[in-house]
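Given only the sequences and the hints, what does the whole structure look like? Please build it.
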Amino acid sequence: MDPQVQYTDWRDHLAQHGYAVLENIITPEKAHYYQQQQLDWLEKFPYGFKKDDPSTWKPQCLPAHARGGMYFRYGVQHEAFMWEARQERGIINVFSELWNTDQLLVSFDAMNITFPTPEKTNAEPWPHIDQSPHRKGLHCVQGIINFTPNGPADGGLMVIKGSHNCMEEFFEQFPEKTSRKSWGPEDFFAFEPPEVHWFKEKGCQLKKVCAKPGDLILWDSRTIHYSVLPQTDQVRALIYVCYTPASFATQETIEKKAMLFKKRQGSSHWPHTNIWAVNEKRDRFGQRDIGDRDLPFEDPVETDLVLKLAGVKPYST
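Residues in the sequence shown are numbered consecutively from 1, following the working numbering.
Source of the hints: derived by calculation from the structure; they are not laboratory data. Where hints are given, some of them may not hold.
If you anchor each label on the Cβ, the simulated ranges turn out as follows [claimed, not checked]:
1) Gln36 <-> Leu295: 20 to 26 Å
2) Glu201 <-> Gln36: 43 to 49 Å
3) Gly203 <-> Glu119: 33 to 39 Å
4) Glu124 <-> Leu305: 37 to 43 Å
5) Gln60 <-> Pro28: 27 to 33 Å
6) Gln16 <-> Asp304: 32 to 38 Å
7) His32 <-> Asp283: 31 to 37 Å
8) Asp299 <-> Pro28: 23 to 29 Å
Note that CB positions come from ideal geometry on N, CA and C, so glycine has one too.
Written as structure tokens, this is what we have:
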């Protein structure tokens, strides 16, 4: 969190600035455990990755991924350790406080483990929001369970602080932009540099969000954001999580969600809508992916909580 900002409730910071960092939501020891689970997962593939050999920390030795370290293939969304993290009581309590309900659904989202590169280069920024311009108000708050030190140059989440508060004004001033082609069924919009400048002229500021192992980073899906690669030798490791009230979902989307869970398929950032399977290419570097798989290596234990968060089992009324 910004050290100069004083407030009594993290929700105030989220509402004002579009993001918040909640400290020590899981223990540093648990954060290390989850990072090791990620590394062990990478070692299970036949590409040569070894967690104790930095010479193998390169794309040729890793499963297919996006933007440096985002993994959403191979059934990873339903690995046992992913569901173990989603059941962390501290994480659930935060979202229960946010939405004022214990009856939540969780997203079948990805994980990220990004290794530093010798060149210390960075990709072009990809500022975007994960909420359709046609949706008004707060509908979704995304989250990162952070596992490694994440300082100013360590790579991570960039936000345009306060941009969520100007979002409706932007699309009212430029209604023609709402028809820009996007990906997925609905909730995504990418901004071009002059459009980001419009927000900065409104007083919104570019902010690198820093966090410690065990912290939870939250951001409003209307907040412009993107990720950057590490400029240090620090590995970035995290799991993306998002919870929303089960009451937000229709019966149709609940049924779709339950079907994806049973098939162990991933979906979008959203827990209660945009329930569509992530269908990625089956190749790697333009060749057949010899390590491709549809199911996780280790199935989750289907606890009562898992089944409710997945939409398989209804909450009692």
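For this session: Using the beta carbons of His32 and Asp283, state whether their distance is inside 31 to 37 Å or not.
Result: Holds: the Cβ-Cβ distance is about 34 Å, inside 31 to 37 Å.
Exercise. So does Glu201 sit 43 to 49 Å from Gln36, Cβ to Cβ?
Worked result: Once the Cβ atoms are compared, 45 Å apart, the range 43 to 49 Å for Gln36 and Glu201 holds.
Exercise. Do Gly203 and Glu119 keep their Cβ atoms within the hinted range of 33 to 39 Å?
Worked result: holds (35 Å)
For this session: Take a look at whether the Cβ-Cβ distance between Gln60 and Pro28 falls inside 27 to 33 Å.
Result: Cβ of Gln60 to Cβ of Pro28: about 32 Å, so the range 27 to 33 Å holds.
Exercise. Do the Cβ positions of Gln16 and Asp304 conform to the proposed distance bound of 32 to 38 Å?
Worked result: holds (37 Å)
For this session: Given the hint of 23 to 29 Å, check if Asp299 and Pro28 actually sit that far apart at their C-beta atoms.
Result: Given range 23 to 29 Å: holds, Cβ gap about 28 Å.
Exercise. Is it true that Gln36 and Leu295 lie within 20 to 26 Å of each other by Cβ?
Worked result: holds (22 Å)
Exercise. Quick one: are Glu124 and Leu305 within 37 to 43 Å, going by C-beta?
Worked result: Holds, at about 40 Å.
The structure shown violates none of the earlier numbered hints.
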